[in-house]
Amino acid sequence: SKCFLFSEKKTDWFTAKETCELKGAFLAKVESQAEMDFMESVKPKAFYWMGINDLEVENIFRWLDGTMVQWFKWRREQPNGGTEQNCTTIDNKWEWQDKDCQNLYYFVCNPIDGKN
Numbered sequence: 001s002k003c004f005l006f007s008e009k010k011t012d013w014f015t016a017k018e019t020c021e022l023k024g025a026f027l028a029k030v031e032s033q034a035e036m037d038f039m040e041s042v043k044p045k046a047f048y049w050m051g052i053n054d055l056e057v058e059n060i061f062r063w064l065d066g067t068m069v070q071w072f073k074w075r076r077e078q079p080n081g082g083t084e085q086n087c088t089t090i091d092n093k094w095e096w097q098d099k100d101c102q103n104l105y106y107f108v109c110n111p112i113d114g115k116n
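In UniProt numbering, the protein residues as written are 1 to 116.
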């Protein structure tokens with residue numbers, strides 16, 4: 001099973017990515033409804049940065065490791081941000097939204113190979 005580390009403070013997406021990496025982790029890769037359900041069971045509703053973005057090619061959302069997003073849970077009418085919103089949050093309804101990468105939200109990391 002996968003581990004999730006949740007931040008206690010809000011940052012922009014780039015700082016969130018860097019903070020995860022400094023902890024030997026990466027911004028979360030959420031790949032199933034079971035993983036979403038687990039997060040919902042342990043954390044309060046909020047906005048959390050995760051590892052999906054379309055910074056490289058507009059409207060092609062990929063994980064930080066470059067892989068395509070196979071399972072997704074976009075909120076209705078999302079993603080909708082065009083060139084202004086290139087990073088992805090888990091929102092307060094446990095669905096995904098594209099947001100401006102400079103916005104300040106909590107974030108979720110996955111430790112690499114179970115390290116913490």
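Because the hints were derived from the structure by calculation, they are not lab data. Quantities reported herein were computed from a predicted structural model and do not represent experimental measurements. Misleading hints may appear alongside valid ones.
Simulated pairs of lysine-lysine, DSBU-like, Cα-Cα distance not exceeding 30 Å [stated by the list, open to error]: (1) K45 / K2; (2) K73 / K23; (3) K9 / K23; (4) K45 / K29; (5) K73 / K45; (6) K73 / K2; (7) K73 / K29; (8) K10 / K23; (9) K10 / K43; (10) K9 / K45; (11) K93 / K10; (12) K45 / K10; (13) K93 / K29; (14) K2 / K43; (15) K73 / K93; (16) K2 / K23; (17) K93 / K2; (18) K29 / K43; (19) K9 / K93; (20) K29 / K2.
*Quick check: which numbered hints come out false for this structure?*
none
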